[in-house]
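Protein chains: 2
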Amino acid sequence: MAIKKKTTIKDIANVLNISAAAVSKALHNDARISDKTKKAVRQVAENLNYQPNHLASALRSGKSKLVGVIVPKTNSNFFSSAIHNIEEGLDKEGYNVIITQSNESFKKECKNIDTLLYLQVDGIIVSMANETVDLEYLEKVKAAGIPLITFDRGENDLNVDYIGIDDYNSSHLIVNHLVEQGCKRIAHIGGYKRTRIYNNRIRGYVDALKKHNLPLDEELLIETNLTIEDGREKMLQLLGLKNRPDAVYAAGDFAALGALQVLNEQNIKIPEEIALVGFGDEPFTAMVTPSITSVNQHAYKIGKIAAETFLDHSKKPNSKQSLNKIILEAELVIRDSSLKKKS
Amino acid sequence: MAIKKKTTIKDIANVLNISAAAVSKALHNDARISDKTKKAVRQVAENLNYQPNHLASALRSGKSKLVGVIVPKTNSNFFSSAIHNIEEGLDKEGYNVIITQSNESFKKECKNIDTLLYLQVDGIIVSMANETVDLEYLEKVKAAGIPLITFDRGENDLNVDYIGIDDYNSSHLIVNHLVEQGCKRIAHIGGYKRTRIYNNRIRGYVDALKKHNLPLDEELLIETNLTIEDGREKMLQLLGLKNRPDAVYAAGDFAALGALQVLNEQNIKIPEEIALVGFGDEPFTAMVTPSITSVNQHAYKIGKIAAETFLDHSKKPNSKQSLNKIILEAELVIRDSSLKKKS
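If you read the sequences in order, they're chains A and B. Take 1 as the starting number for the first sequence in the numbering used here and just add one per residue. Take 1 as the starting number for the second sequence in the numbering used here and just add one per residue.
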């Protein structure tokens with residue numbers, strides 16, 4: 001493909017034998033330029049297929065009408081649903097959303113932040129990578145003077161807006177349910193403690209066991225990246241214990257799926273021998289056999305509130321606004337993988 | 001949150017009591033500015049947390065080092081895998097990828113193109129929305145003088161690079177397989193003919209039936225949007241026929257999943273009574289019961305080639321390059337939903 005050179009204001013100026021400055025003024029409907037010249041400029045611009053340089057106008061106005069979103073990955077139902085509702089909320093107000101993904105890499109997340117700042121976005125909505133512990137990069141966004149809104153995976157320390165679910169209490173919902181089903185030895189395939197949401201799920205798990213007077217067995221608490229492969233590996237590890245668990249609570253649905261595959265392969269009855277609970281309510285949890293009990297994280301609501309929070313800030317840029325910390329109650333969706341007692 | 005005003009060159013100029021032009025020159029290491037002034041400018045810039053305006057530098061260099069990707073949706077394994085490999089290929093050469101989604105809407109796709117052109121991306125890689133029939137908007141990209149690369153859902157008429165699989169032949173692979181399994185009345189829940197890939201799948205289905213001397217029954221050929229809900233609805237419609245099909249080939253895995261749900265709910269044996277084949281090899285096809293036979297579209301390879309094609313163009317911007325039309329052979333992944341004869 002022969003790439004044509006972009007038409008510039010100078011090209012238009014050359015055709016009409018006037019100055020580039022005059023062309024620019026004409027295109028911006030400047031009163032100092034005659035209507036005749038304006039018409040000629042517009043005609044030539046059209047003929048040459050001139051694309052007005054919006055970067056230049058963003059430079060002038062200081063508003064790009066763009067909001068950047070950074071997510072760990074897009075092929076997760078939670079993140080793609082959240083993005084969908086962020087887009088819907090911002091679209092109404094004329095904002096466009098551009099998405100970047102970190103692929104769970106801190107380095108990539110930093111690069112994404114640089115890219116979005118470079119593009120002069122009017123705000124950034126971010127859910128952090130698993131790897132992210134250093135928050136200095138996110139401080140760059142605050143320093144740039146634009147709203148920074150975090151969701152799901154965020155950090156309270158950062159002192160920015162945050163929207164998420166109550167992870168600590170979600171673990172209580174899960175453990176309460178498993179205890180009700182008669183489980184006594186509940187394992188937790190968790191995320192890494194360094195990520196706040198996983199830390200909260202672990203704390204909730206530990207405290208809920210305590211509440212039910214169940215002993216905390218260190219063998220049964222495992223930190224991992226929560227991929228399908230991790231779920232498989234950790235399930236095999238748990239099955240290798242002298243004293244096997246009678247329930248497994250995985251902090252992510254993909255890990256729960258890996259565990260389910262191993263249990264099915266080994267003909268271990270779910271939930272009779274081992275009950276299983278995931279987290280995230282990915283659509284596949286309802287499709288597999290047995291269907292997997294999971295936690296609905298309200299992705300749609302979170303996306304909607306994230307968009308509204310950005311709009312609030314952008315409408316009152318100079319007023320001192322209170323930060324929003326919105327914690328939604330999660331919902332346990334009970335399915336076959338944990339339902340021993342059918343009522 | 002109190003939003004701080006962005007630091008501008010003018011702010012720095014005010015502190016030092018010099019002109020904004022001098023500050024700009026100092027920041028660009030202009031020889032006309034003394035080293036002493038340069039040092040002072042850099043010091044103040046740092047103190048005020050000045051973010052250099054990259055838009056301005058993009059304006060000067062004409063290169064943004066950004067590539068825009070437009071996909072119908074990100075929560076599809078095919079698209080997210082393709083994006084992943086596009087990113088990997090471009091990352092090596094220092095390009096950043098920004099993603100926008102059309103949500104299958106033509107209007108949104110046009111808006112995305114405008115946004116990406118506005119951001120001065122160095123190229124656009126697009127897979128079109130279901131709704132898209134008017135290609136004038138894509139012509140804008142060509143007119144802007146940057147490479148336009150289409151994948152999966154593209155149009156040969158557009159005379160741009162295209163990377164996809166052989167959809168026509170994929171239908172042959174599917175029909176051949178079903179005939180081998182003893183199926184004689186094969187239905188097709190297809191996409192809309194106006195989208196080239198779905199048109200090719202339909203043409204392939206029709207021609208493959210002919211090849212096997214199977215009659216084409218109009219009742220068995222249905223066009224739809226291929227969502228789970230569409231799959232459910234159309235499967236019910238097919239079950240309502242006097243003369244039911246003994247096999248269903250859905251042009252998308254989500255529609256195949258909807259069909260599978262209905263068949264399972266009605267206790268119709270898969271594949272014994274009705275065999276089922278999907279398209280796209282979404283991960284859930286291997287997870288459901290029975291697992292669904294599907295077509296692997298080589299998302300990774302397509303993403304990789306799309307990135308390479310862009311890089312080729314960007315390295316030789318002014319040479320007349322031949323267009324790439326790369327059609328990969330798809331792979332039929334046979335699973336339980338269609339395997340009547342276990343060998």
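Simulated from the structure, these hints should not be mistaken for laboratory data. All of these numbers come straight from a predicted model, not from anything done at the bench. Treat the hints loosely; a few may be bogus.
Because identical chains cannot be distinguished in the list, a pair is counted as satisfied if it fits within a single copy or across any two copies.
To be verified - DSSO-like cross-link-like pairs, simulated, lysine-lysine; straight-line CA separation at most 30 angstroms:
hint, residue 1, residue 2
1, 316, 36
2, 73, 242
3, 65, 242
4, 142, 38
5, 269, 111
6, 269, 73
7, 325, 184
8, 107, 315
9, 39, 316
10, 107, 210
11, 301, 111
12, 36, 184
13, 39, 142
14, 142, 111
15, 39, 140
16, 325, 211
17, 108, 340
18, 111, 193
19, 111, 25
20, 340, 269
21, 39, 269
22, 304, 142
23, 184, 316
24, 65, 36
25, 269, 10
26, 10, 142
27, 325, 193
Structure-based check of all given hints:
no. : hint      : verdict
1   : 316 - 36  : neither (42 angstroms within a copy, 40 angstroms between copies)
2   : 73 - 242  : neither (37 angstroms within a copy, 46 angstroms between copies)
3   : 65 - 242  : neither (59 angstroms within a copy, 56 angstroms between copies)
4   : 142 - 38  : between (42 angstroms within a copy, 26 angstroms between copies)
5   : 269 - 111 : neither (46 angstroms within a copy, 51 angstroms between copies)
6   : 269 - 73  : neither (33 angstroms within a copy, 37 angstroms between copies)
7   : 325 - 184 : neither (35 angstroms within a copy, 60 angstroms between copies)
8   : 107 - 315 : between (32 angstroms within a copy, 26 angstroms between copies)
9   : 39 - 316  : neither (39 angstroms within a copy, 36 angstroms between copies)
10  : 107 - 210 : neither (39 angstroms within a copy, 55 angstroms between copies)
11  : 301 - 111 : both (28 angstroms within a copy, 25 angstroms between copies)
12  : 36 - 184  : neither (86 angstroms within a copy, 72 angstroms between copies)
13  : 39 - 142  : between (44 angstroms within a copy, 25 angstroms between copies)
14  : 142 - 111 : both (16 angstroms within a copy, 28 angstroms between copies)
15  : 39 - 140  : between (44 angstroms within a copy, 22 angstroms between copies)
16  : 325 - 211 : within (27 angstroms within a copy, 64 angstroms between copies)
17  : 108 - 340 : neither (44 angstroms within a copy, 47 angstroms between copies)
18  : 111 - 193 : within (24 angstroms within a copy, 41 angstroms between copies)
19  : 111 - 25  : between (36 angstroms within a copy, 26 angstroms between copies)
20  : 340 - 269 : both (11 angstroms within a copy, 27 angstroms between copies)
21  : 39 - 269  : neither (78 angstroms within a copy, 71 angstroms between copies)
22  : 304 - 142 : within (22 angstroms within a copy, 35 angstroms between copies)
23  : 184 - 316 : neither (53 angstroms within a copy, 67 angstroms between copies)
24  : 65 - 36   : neither (33 angstroms within a copy, 39 angstroms between copies)
25  : 269 - 10  : neither (74 angstroms within a copy, 70 angstroms between copies)
26  : 10 - 142  : between (38 angstroms within a copy, 20 angstroms between copies)
27  : 325 - 193 : within (21 angstroms within a copy, 48 angstroms between copies)
Hint compliance for this structure: hints 1, 2, 3, 5, 6, 7, 9, 10, 12, 17, 21, 23, 24, 25 are not met, and every other hint is.
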